[in-house]
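Q: Heads up: the protein sequence lines correspond to chains C and G, in order. Per the numbering used here, the first sequence starts with residue 1, numbered consecutively. Per the numbering used here, the second sequence starts with residue 1001, numbered consecutively.
Each hint should be verified, as a subset may be incorrect.
[As the list claims (entries may be wrong)] Keeping only pairs whose Cα atoms sit at most 27 Å apart, straight-line, the calculated DSSO-like set for lysine-lysine is:
(1) G/1373 with C/266
(2) G/1373 with C/475
(3) C/446 with C/537
In short, the hints are calculated from the structure, not lab data.
Number of protein chains: 2
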Amino acid sequence: MITKHKTANVSFESLLRIFTVPEGPDSTLTKIEEKLSQNLNQFLREHIVAEEKPLKEIEKDFAFASIPEKPEFVSDHTQHLLDTLVSHSVHTSAPSFIGHMTSALPYFLMPLSKIMIALNQNLVKIETSKAFTPLERQVLGMLHRLVYNQDDHFYSNWMHSAQHSLGAFCSGGTIANITALWVARNNALKAQGKFQGVEKEGLYSAMKHYGYQGLAVLVSERGHYSLKKSADILGLGQQGLVAVKTDANNRICPQALSQKIVELKKNNIKPFAVVGVAGTTETGSIDPLCQIAEICIEHDCHFHVDAAWGGATLMSNNYRQLLKGIEQADSVTIDAHKQLYIPMGAGMVLFKHPDAMKSIEHHAQYILRMGSKDLGSHTLEGSRSGMAMLVYAAMHIISRPGYELLIDASIEKAKFFAELISQQDDFELVSEPELCLLTYRYIPAKVRKALEIALPEQRIQLNELVNELTQFIQKCQRETGKSFVSRTRLNPSRWDRLNTLVFRVVLANPLTSHDILRSVLEEQRIIAQQAPNLMAKILATSQSITEA
Amino acid sequence: MITKHKTANVSFESLLRIFTVPEGPDSTLTKIEEKLSQNLNQFLREHIVAEEKPLKEIEKDFAFASIPEKPEFVSDHTQHLLDTLVSHSVHTSAPSFIGHMTSALPYFLMPLSKIMIALNQNLVKIETSKAFTPLERQVLGMLHRLVYNQDDHFYSNWMHSAQHSLGAFCSGGTIANITALWVARNNALKAQGKFQGVEKEGLYSAMKHYGYQGLAVLVSERGHYSLKKSADILGLGQQGLVAVKTDANNRICPQALSQKIVELKKNNIKPFAVVGVAGTTETGSIDPLCQIAEICIEHDCHFHVDAAWGGATLMSNNYRQLLKGIEQADSVTIDAHKQLYIPMGAGMVLFKHPDAMKSIEHHAQYILRMGSKDLGSHTLEGSRSGMAMLVYAAMHIISRPGYELLIDASIEKAKFFAELISQQDDFELVSEPELCLLTYRYIPAKVRKALEIALPEQRIQLNELVNELTQFIQKCQRETGKSFVSRTRLNPSRWDRLNTLVFRVVLANPLTSHDILRSVLEEQRIIAQQAPNLMAKILATSQSITEA
C-alpha cells in the first residue's frame, strides 16, 4: 500500500497519505497512466492478450470472495490489474472491433474525465455541484434544440427554470427509456376528480378509476429489450409491451400499428405510448416517425422516440432528414456514449414540453426542496457524476460540423461495406445500412441458390445448418482476437421470416478503414473452411436440393 | 480545436487526430491535469473562487442553447472550463466540507479512473467487458460475504454462475433500492396456476389474481426519498410507501411497524416489503434490524436494508455489531461512492439468495442470451462502465483493516464533535451520532430555556424564529465558502415534534480535524451576530416568555 516498507501495513497515518500524497513519477501506476495517455492503441495492443482465454480460466483470477485482510502496495496492485484484468479486457477502441456500439474516444476526453472524477461533484443537488447544474441544464438545452429547434425565447424561459425541465441526464438509454415511459404513464393516469393520480394512488386504483382493463406501449418487433424491462418495472407487465410487425427494411408498419391500437382499445386496453425507433440496435433501421406521430395524435398516445443510437445523426445536415418526424415526439432518448463519442455512462432523455416531467417530480427535506433548482427532483437516479461536462466539452471542441463529418463518414463507410459484401459471391447482405449498421452472413452462391428453390421443410433444414456456420465463424473470429463482429438473429421476409443468424456490424469508429473491412471478410472466408464437416454437410444438402 | 492554425477549422483529418494524437506536454489540458494530480487540494483552493457567486450569475455562462458551429481548440476550451465551471464548482473534498456524503478520494483512484475510462468497457455483456465481468461478480461476492458471511462453498457455487446473481452493480443507491423492491414485488406477485406473474401480466392482473386491494412497503419516517420514487415507478403509488413513526433516536418503532402491517392486512393491502435503514440520510440512525427481521418472517415480507450509507460500517470489527440483523435481510443496498471512498456512481444491491433476481431476469437476441454470463440480464440499467474495478482496487489497496480505521476514525470524530457541541452554552445537539452523522443548531441558553417553559403557541412561534436563524446561518456560511454544513428539518420528540431546522454534519472525510470542527462552531456563532434584528427578536420573545 502506501508505506514503502516491504510488508504493507496499515496505520491511520499511512491511510491519510493516500488521501494527500499522489503516486510518485516512478510508480507503476504513474508510468502505466502515462503510457496509456501517450498511445492508447499501442498500449492496449501490447497489453491485451491476442488470443482469447476461456472465461472459465479468467474466472480463476477472480474467485476469492473475501475482502483482503492485508493491504497491497499501489504499484503491486497496479501490476496485478494489468496482468489479470487489462490483459483480458476488450479492446473496444480497436478499429477492427466493429461488433458493438462501443467505439474509440477522442484523446482530450481522458484527461478531462480525470478532472471530472477528481472534482467528484454530485449533480443531484446544487450544494454539491454548483456550476455543474447550469452546465447540465445547458447540455440538455442544446440537445433539446438539436431535436426540437425551438426559438431563443423558449430556451431562455425554460432551460434554467426551477419548475421546469427539458429532460434528464442518466446513466444510459435504458434509464432514459424507463424515465420517458414513467412520465408518459403518469401523465396518462393523472389526477382527476377525487382520484389523486397514479403517482400517489398506484396503478390498481388508477385502472379502476379510469376503467381500463390494461395498459399498453407499442413498438416494432425490433425495439430494444430495455422497453420490456420498462414495461415490467412500470407495472404494465411485459405483455403490455406490444410488438408491431416490421417491413422488409425492419421498420414498423404504420398500418399494423394503427390496427393494433384499435384492437387494444376495443379490448379496453389503454395504449398510452408508442415508441418509434431511430436506429434499431440490431440493424440501425429508422421507423417512419412522421407517420407514427400522426397515429399518436389521432389516438392520444405519448410519442417516444428511442434514438439512443440514431439521435446523433441530427448533427449532420446531410443526413438529419432520415429522422424527420422526431421533432414531433413528446420525448426522445439519446445516448452520448454512443455516436457522440463520450465514455460509457452518458444517457439523456429529452421532453418536448418543459412541464412534462412534473408528473414524476419529487422533493425531500434536506435537498430537492420546492423551488430549488436541484436537478435531482426530475431524475430517476439520485446521486450522479458530472458526465455532462464531457458532453459539453466534446460539443465545443468537436462542434456540430465536426460531428457531421464523423456521422457522414460512418454512414458512407457502411454503404461501402454493403457494396463490398454484395460483390462477393459467398456473402449475403441481410439488412441494408440506413445508418452505419448492417447485417450479413457467409453463404456460398450454390447454397444460396439451393435455399431459394428449396421446399419449406428443406429450407428450414438448410438454413439451420447455415446458422450453425454463422455462429461458428463469429465465435472463432472473436476468439482469434484480430477482429470482432457480433451476431444476432433476424427473421428476414426474404427467407420466409426464418430464424436467421447474421453477423452484425457497427461502423462508428472513425479509424476503421476500408482495408480492415476487406480483411474481416477474408478472415471469415478462411474460418469457414476450418469447419470442413459442417461445410461438407451444407454443400451436400444444397446439392441434393438443387438436383431434386 | 485540433489543428494548430489560428482559426480552428474542421476537416476529417483533423478529427482523426483527436482520436489518435494525445495532447502534448505543454498543452493547457496536460498542465492542468498534472497540477491537479500533484496536489488536488491546492489546485482546487487556487481555482475555486472563495465567495459564492449567485446561481443566477453563474447561469449567464451557461445560457447558450445551441451546439457550437465552430470548433474550439482543446487548450482554449480547457481554460474556459477552468474559468466558468471549475472555479464555481464545489470543493467536495475539502476537510471543511462536512455537509454532505461526498468526501475526499484516495489519490490512486484518479489515475485508475482514467485507465478505467480509457478502456471504455461496457459491462452489460461479456463481449464488451470480458475479464471485467468476473471482476464485478467477485466484487459483489466480496460485499455479499461482508454482509451475509456464507462459506467458501456458497461463493464457489454461485458467484460465477450464469443462472444466478448475488446482486447488481448500479449507478447509485436509488437504483439499488428500486431494484430490490422490483425483485420483491415480482416475487410477491409471482406466477401461480394460470396467472403468469406480475412481470408478464402486469400489476392490475396480479392484484385481481391475488385479490389484494393494494400493495405496501413500510419504512420509518426517516427513510430515503428514493423509496417514494420507487413506490411511484413500481406502480404502488407513493401512498403505497407507508411511513412508520420513529423513537427519540430516529429509529423505527417495531411495535408501530407490527401494528401498521396488521392494519394493512385487515384492509386487504399486501405489505410485501419492509425497509430497514442502516444509516438514515439525515441523522445516520440505524433501525433495530433484528426486530424488523422477526416481524418480516412473521408476516412474510421481503426484508430490505437500505445501508447505502451505513453498510461500510461492516468493514469495522469494532462497530459492525451496530448493524446486527443485516445478515437476515433478503436484500441490502450499499453505496461504494459513500464510505468506501469511490468516485460518484458506484451503487450496489445484494441479495441473500442467489436466485432471488430470477424474477427480473431478461434476455435479448444479440446479447444476454439464455445461459450467457452477461451481467445485463440481472440489472435495471443496460450499458454500464467498469466502476467495479475501482471498488476492487480500493478493497485490495486499503484492505478491510484500512477501512476499519477510516470508519472508526469517522465515528469517533462524530462523538468528539457531539461532545464539543454539548459543552457549548449556545448550541444544542439535536441528534446524537450513531455513525458519523449528527445534527445540531445554534440556540443561546436563554432561548433554549424559554423554549422549554413556553406554552404550545409561544413555543411554535419562538421555534419558527430559531428556524429562521438556522437557515440564515447555514446559507451565509455556505456562501462565505470557508466551510459547509447542510441543513434539514427534523421533528424531535423533545420539542413536541415541532418542525425543527438543524445543521446536518457528515464526518467521513479523514482529513477533517478537530480544529476544523471548533472553527465551524466559531464561525456559526459569529454569523449569528450578523442578523442583529432577528437575534433581537428571538431574545425579546424569549424574555417575554421567561418573564411571563
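Q: Hints first: check each against the structure and report whether it holds.
A: Going down the list of hints, with the structure as the test:
1. G/1373 with C/266: With Cα atoms ~42 Å apart, residue 1373 of chain G and residue 266 of chain C exceed 27 Å; violated.
2. G/1373 with C/475: Distance of about 15 Å is within 27 Å: holds.
3. C/446 with C/537: Status holds; Cα separation ~13 Å.
When the structure is compared with the earlier hints, a violation turns up for hint 1 alone.
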